[in-house]
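Residue numbers (the numbering used here), protein chains in the order written: chain A, 811 to 1197; chain B, 3 to 385.
No lab work stands behind these hints: they were computed from the structure.
Keep in mind that a hint or two might mislead.
[Stated by the list, open to error] Okay, derived cross-link-like pairs now, DSS-like style, lysine-lysine, Cα gap no bigger than 25 angstroms in a straight line:
#1 Lys62(B) with Lys965(A)
#2 Lys122(B) with Lys62(B)
#3 Lys1044(A) with Lys62(B)
#4 Lys190(B) with Lys871(A)
#5 Lys980(A) with Lys200(B)
#6 Lys95(B) with Lys1065(A)
[Stated by the list, open to error] Which bits of chain A does chain B cover? Going by a derived footprint, with three or more residues having C-beta under 8 angstroms, they are:
#7 831-840
#8 863-874
#9 907-918
#10 1115-1123
Each residue gets a CB set at the ideal place from its N, CA and C atoms; glycine is no exception.
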Amino acid sequence: MAIPIKYNLRNLKMRKGLTGMTALGIALTVTTAIFLMALLAGLNRAFVNTGDPLNVLVLRKGSIAELSGGFDAALFPTLRELPGIAKDSHGEPMASAELVVVIVLPRKDGTGEVNVTVRGMMPDGLEMRPGVKLVQGRWFTPGQREVVVSDSIQKRFAHANVGDTIEFGKGPWTVVGVFDAGGNAYESEIWGDVNQMASDFDRQGGYSSAYLRATDAVSADALKHRVSDDQRLKMDGLLEPEYYAKQTSSGAPIKFVGIMVAVIMAIGSSFAAMNTMYAAVAYRSREIATLRVIGFSRPSILTSFVFESVVLSLLGAAVGIVLMLPFNGMTTGTSNAVTFSEIVFSLRMTPAVIGGAVVFAVIMGLLGGIAPAWQAARRDILTALRD
Amino acid sequence: MTLAGFIVKSAFRNKRRSILTILSIGFSLLLLTLMMTIWRSFYLDKGAPESAKRVITRHKTSLANFLPLYYRDKIRTIPGVVAVVPMTWFGGKYIDDRPEHSFTQMATDPDEYLKVASDKIVPPDQVAAWQRDRAGAMVDAELAKKFGWKIGDRITLLGTIFEVNPELTIRAIYTMDPSPRILYFNEKYLEEAVPWFKGTAGFYDTRVETEKDVPEVEKAIDDMFHNAPAPTKSESEHAFRLSFIAQLGNVKAFILSICGAVVFTILLVSANTMAMSVRSRTSEVAVLKTLGFTKRRVLSLFVGESIALSVIGGILGIVAAIVFTQLLSKSPVAVGVPAGFVVTLPTVVVALFVAAVVGVLSGSIPAYNASQTSIVEGLRHIG
Chain A
811 MAIPIKYNLR NLKMRKGLTG MTALGIALTV TTAIFLMALL AGLNRAFVNT
861 GDPLNVLVLR KGSIAELSGG FDAALFPTLR ELPGIAKDSH GEPMASAELV
911 VVIVLPRKDG TGEVNVTVRG MMPDGLEMRP GVKLVQGRWF TPGQREVVVS
961 DSIQKRFAHA NVGDTIEFGK GPWTVVGVFD AGGNAYESEI WGDVNQMASD
1011 FDRQGGYSSA YLRATDAVSA DALKHRVSDD QRLKMDGLLE PEYYAKQTSS
1061 GAPIKFVGIM VAVIMAIGSS FAAMNTMYAA VAYRSREIAT LRVIGFSRPS
1111 ILTSFVFESV VLSLLGAAVG IVLMLPFNGM TTGTSNAVTF SEIVFSLRMT
1161 PAVIGGAVVF AVIMGLLGGI APAWQAARRD ILTALRD
Chain B
3 MTLAGFIVKS AFRNKRRSIL TILSIGFSLL LLTLMMTIWR SFYLDKGAPE
53 SAKRVITRHK TSLANFLPLY YRDKIRTIPG VVAVVPMTWF GGKYIDDRPE
103 HSFTQMATDP DEYLKVASDK IVPPDQVAAW QRDRAGAMVD AELAKKFGWK
153 IGDRITLLGT IFEVNPELTI RAIYTMDPSP RILYFNEKYL EEAVPWFKGT
203 AGFYDTRVET EKDVPEVEKA IDDMFHNAPA PTKSESEHAF RLSFIAQLGN
253 VKAFILSICG AVVFTILLVS ANTMAMSVRS RTSEVAVLKT LGFTKRRVLS
303 LFVGESIALS VIGGILGIVA AIVFTQLLSK SPVAVGVPAG FVVTLPTVVV
353 ALFVAAVVGV LSGSIPAYNA SQTSIVEGLR HIG
């Protein structure tokens, strides 16, 4: 027969101080783990959710990023005429040649300067990114020194509100709108007209990349291969989501440090939990013997104590999750290892992160509980009673 | 029996509890030491004295924008400048994309490079060989060891930013501490292969006479190109490195919050153990007092025990951290590990100090309570 759960809960309640301190120790460990997992979840989302599977990104052969791309502008008409490209609202092939440059902007809080990606695009570029929504003002007008900024750029950098001017290239640019990209990689960009940008950065006659919109998923794949196989072009085509998925490697340093920190802290906390559970067992040795005398079996005592330890760590997990809630959605930035510019992302406590934290806590509870519980179950009844 | 002997005896009376506490504190201090080491190697390391004499000049907008090559001769005319070389980050791949094959490659001018980077040690005949061969490369000794390169070996780099795959012959192998793991080759090779790169450079590395000249030279360079088509930003090598770290995000707050959480956790763990330990000895304290131990004596007994436990844990943690950093810097996948990622003596001292403070803090409250219990009450205690 199993020992009632209430027995464990009452025990934890009786030793409030000890339970509280151990749970708080576990809570801090869980908080750290959640913080790191949420950071990675936000970063992953920034890359994984970027890109439309119908958009084919074209780069110079051998190039791995738009920033280091660069091909002759004379090749663009050839690209545009390839079969399988969807028509835009004017009945023309939906394609956009783009120029990607990096500029330096000061952070609003004065903590230094950051590289920000500026993307010059053709009018079709906006049409090809239906997921990006305008939230303030209007889109830029081709031929004008106008830019639209993402909402996180607006939040994080000085002079990025509608009506402000940003200084880069050969002079001031007016901010005419703010867009919301839904937390993906575009969230870290400033957009404007490609020709204006090209003349400002002395890059006439060349583009960084080109985007082609395919009619459907099958033709997107075909289009991608058509670009890569065309001997005249010397270019590589890849689906936009594939390109961004590759950039998740930017999170590698955070991932490495995160896993290291979480594992070391978890081991430390498991030892602490083990200590508490050993104390609980030692404290109750007569009680345990009595339970045995009444007829509870060894397995049920083992389960009961392991369970108690897991409850203890779940308590810690709950506190940890609550402690982290205020940080949910906090935005931060890190350097994109591929483009050298800042990638903005937010801490995301997704259900997966919360679930991960709970599993993490349960593992700590099991590690800390099994040995003491084993000892409790194995004790000789007579010696324990005589204690 | 001396006081110290008594403390040690009582600390290990309940061996399992003491060992678990020591391990728990040890793991926390391992983490704390690692975090402090990261902090130090990022923010406090000023680098070698040679490094303090170098100024990096890049395009004001970003490192991704190139500078004209003629800037070099102009920078040379500035008083205080000893030598200046163009540097270009090639950003190529070696063999494939795998991270263990990744290292930095720089295109520079072999004729003057070693005047700027005088902290690199290279045999003179190898330098001469590198300067003679336009397709020659100079590599780091550790990099050479890792890939099994020898003088005269031919290697091919695959360009990503530049549409060229340089075929280079290793002509020189340099040693430097800490090892930067960089390959250098002739920028003329790149200029000839890539038409659009002709006449440009990624950034300039300038060596000045003394450390004191650095701020003046920085200002002089930036003023010189203030109205030029490509304005510049000059900073010391240290500041240049810091700006890269700043790009990673708010690393300072990140490290500090982890350190805070760690210290708080060990405080809890240690206080918990001491509370348990004191509680189980209430009647013993009463006996000690009956024997004539003063309150202060009892207090120092318990605090001493708590300090002993956390300092032992601290020593274990620090030793583990030293081993860990050693292993990490030798592991083949250590790409992003900054040079100089080693535990230094000041870090060890700070970590031990933290351990001792944790011991004092966590031991005081339970010990105070124990010292205050009246003898009669203590003797009656069952526990």
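Taking a Cβ-to-Cβ distance below 8 angstroms as contact, does the segment 907-918 of chain A have at least three residues touching chain B?
Since 4 is at least three, the answer is holds.
Is the hinted pair Lys95(B) and Lys1065(A) satisfied, with a Cα-Cα distance of at most 25 angstroms?
holds, 23 angstroms
Is the coverage entry for the segment 863-874 of chain A by chain B consistent with the three-residue Cβ rule at 8 angstroms?
holds (count 5)
With a cut-off of 8 angstroms between beta carbons, are at least three residues of the segment 1115-1123 of chain A near chain B?
violated (count 0)
Is the Cα-Cα distance between Lys1044(A) and Lys62(B) 25 angstroms or less?
violated, 32 angstroms
For the pair we were handed, Lys190(B) and Lys871(A), check the Cα-Cα distance against 25 angstroms.
Roughly 23 angstroms between the alpha carbons, so the hint for Lys190(B) and Lys871(A) holds.
Does Lys980(A) pair with Lys200(B) here, judged by a C-alpha cut-off of 25 angstroms?
holds, 23 angstroms
Given the hinted pair Lys62(B) and Lys965(A), is their Cα-Cα distance within 25 angstroms?
Satisfied, since the Cα-Cα distance of roughly 24 angstroms is no more than 25 angstroms.
Lys122(B) paired with Lys62(B) [C-alpha distance capped at 25 angstroms]
violated, 28 angstroms
Tell me if chain B covers the segment 831-840 of chain A under the three-residue, 8 angstroms CB rule, please?
Check passed, 6 qualifying residues.
Hint compliance for this structure: hints 2, 3 and 10 are not met, and every other hint is.
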